[in-house]
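Residue numbers (this note's numbering), protein chains in the order written: chain W, 3 to 205; chain B, 61 to 383.
Don't read these hints as lab results, they were simulated from the structure.
Cβ coordinates follow ideal geometry from the N, Cα and C atoms, glycine included.
Some hints could be false.
Said to hold, decoys possible - Have a look at the derived ranges for each label pair, beta carbon to beta carbon:
1) W:Asp162 x B:Leu197: 28 to 36 Å
2) W:Val48 x B:Arg219: 44 to 52 Å
3) W:Asp175 x B:Ile210: 50 to 58 Å
What the hints assert, rightly or not - A partial selection of chain B residues facing chain W, derived with a Cβ cut-off under 7 Å:
4) Glu131
5) Ser134
6) Phe137
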Amino acid sequence: MRRVFSEEQLDCLQELINVAMGLASNKLARFLSTFVYLQVPSIALVSSAQVSPQFDNQYSGVDSALVSQGFLGNDGLTGEAIVLYQLDNAHRIATLLGYETDSASELEMLTDISSILTTTFLNSLAEQIDNSLSYSAPRVLSSRQENVAEALLDTVCHWDLALKVDISYQLIDHSFNCDMLLLIPGEAVLTIQQILVRILEEC
Amino acid sequence: MSDNWFTSPVLEQLNSGVLVVDEQFQLVYLNTFLQRHATVQLDEVKGKSLFKVFADVPEAWLRRKFASVLELQSPSFSSWEQRQYVIKLPHMRPFTSASPFMAQNCTMLPLNDSAGRRHVCLLIEDATDAFVYQQRLQSTLQKLEYSNRIDGLTQCLNRRYWEEQLKLEVQRAQRYQQPLSLLLFDLDKFKQLNDQYGHLGGDSVLIELSARIRALLRDTDWFGRYGGEEFGIVLTNTALEGALDVAQRLCLAVSSIAVIFKEYSIQSTISVGVAQLNIMGERAHEVLIGQADVALYNAKRNGRNRVVAFSAGETEFLLKTTE
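Start from the sequences and build out the full structure, keeping to the hints where you can.
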């Protein structure tokens, strides 16, 4: 990772992401009227081959779903956010979103919660770096799939390098959790680097 | 903005719906696309509640969606794949789509006016084309699945699918300890018949007899074409005695009525081998086929047009043939 980012830049990026996370979880907690527990997001530069093994343990042998949502901002800032769920959790989402159980399908609720998690976090991040983002509609990539790691491998196309941010969400009161995988492809990583340089100069 | 001259006409010509409501869900704006599709005039509905003007929108759901847009100031989405439409509207393919309603991809965006009042903009994209393609794909897949397991000539199950079902039924019978029997039958002297009446004559006999036999079977039996003129029937929950009964009836149904082909009346018979499942293990279905085949061979050797059951004494011969 040091080959691309300096240590100072890396610290700065981690700080930006932590703050965005804090802002987003605050908004989320108020909106969902529940306590949102977040671990400190981890950042890594990866190749596509490294994406799926990490989810192998956590999601092997359980019904799960993947939802993807793309984003695009100024200066070529772009990427894709993938949210992973265990479907055991899914029925708890309805109460969380305040839906009548029969008024929305499980998948619809999953795309809703994905969109909320993704956009609140990314909007908070964009705000801090003076950017603004537009979003594609969230898409269900796969569901009821036994092996998420395999599905991810099938889905994630091959690129040499991407910036990966892992965020794990836990809603304690509802025993609901899911993972968000933020992937920013090679060229957009350079955009982020330029942003970091600018921010560090302003400090 | 100096470019304002075109935003309004473009908005009116857009092939997507644009609707804006305030925080009280009162309509502020509808573009031409929506006014025309919903047959309403903006002047008449402006200031009225969205839920009054479009009475069949899912109110609780939409309120919740709009609340998230307003509170989180972030967009929300709805896809036709999960919810065909948010506002029930006709589409522009009244003759070529199976559903009368427009399939919609919707985006809900936060929008604030110059005074800082919060609004929600609902963008409605017509996804009817995608919906139609998806439906066509589904029906094609269904047809493909059907043709993938049916023998084109006789409309029986094809060998691959029939064998799969045999294997499953054998496993099921073993698990629930239910009897299961297998009939293998062969059209007698089919080669002669082909020589005499031509292949079309032979084919028409196969078609007619399969239909006649199918009519005598239960829904739970599996009737498949095993080879050229050889067929198999899996009789679920049936012991040897019952299976012999069925086999006799099939024999009679074939021999008693001739098949009419052009000016000919073609007399034909079948020989049937019958075996009941009596062993366990993963290869039991293969052994069962072998046993019924031995019985069929004996029916042929004993003079055709008859039913022969497999008997255990022939196991030695059987082992030689299956190895």
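Between aspartate 175 (chain W) and isoleucine 210 (chain B), does the C-beta distance stay in 50 to 58 Å? holds, 54 Å
With a cut-off of 7 Å, does the beta carbon of glutamate 131 (chain B) approach a beta carbon of chain W closely enough for the hint to hold? Holds. Min distance 5 Å.
Could you check the hint for me, namely that aspartate 162 (chain W) and leucine 197 (chain B) are 28 to 36 Å apart, CB to CB? holds, 34 Å
For the hint on serine 134 (chain B), does the least C-beta distance to chain W fall short of 7 Å? The hint holds - serine 134 (chain B) has a Cβ within 7 Å of chain W, the shortest such distance being about 4 Å.
Closer than 7 Å between Cβ atoms is the bar; does phenylalanine 137 (chain B) clear it against chain W? Give me holds or violated. holds, 4 Å
Assuming the hint says 44 to 52 Å, is it satisfied by the Cβ distance from valine 48 (chain W) to arginine 219 (chain B) or not? holds, 48 Å
Checked against the numbered hints above, the structure breaks none of them.
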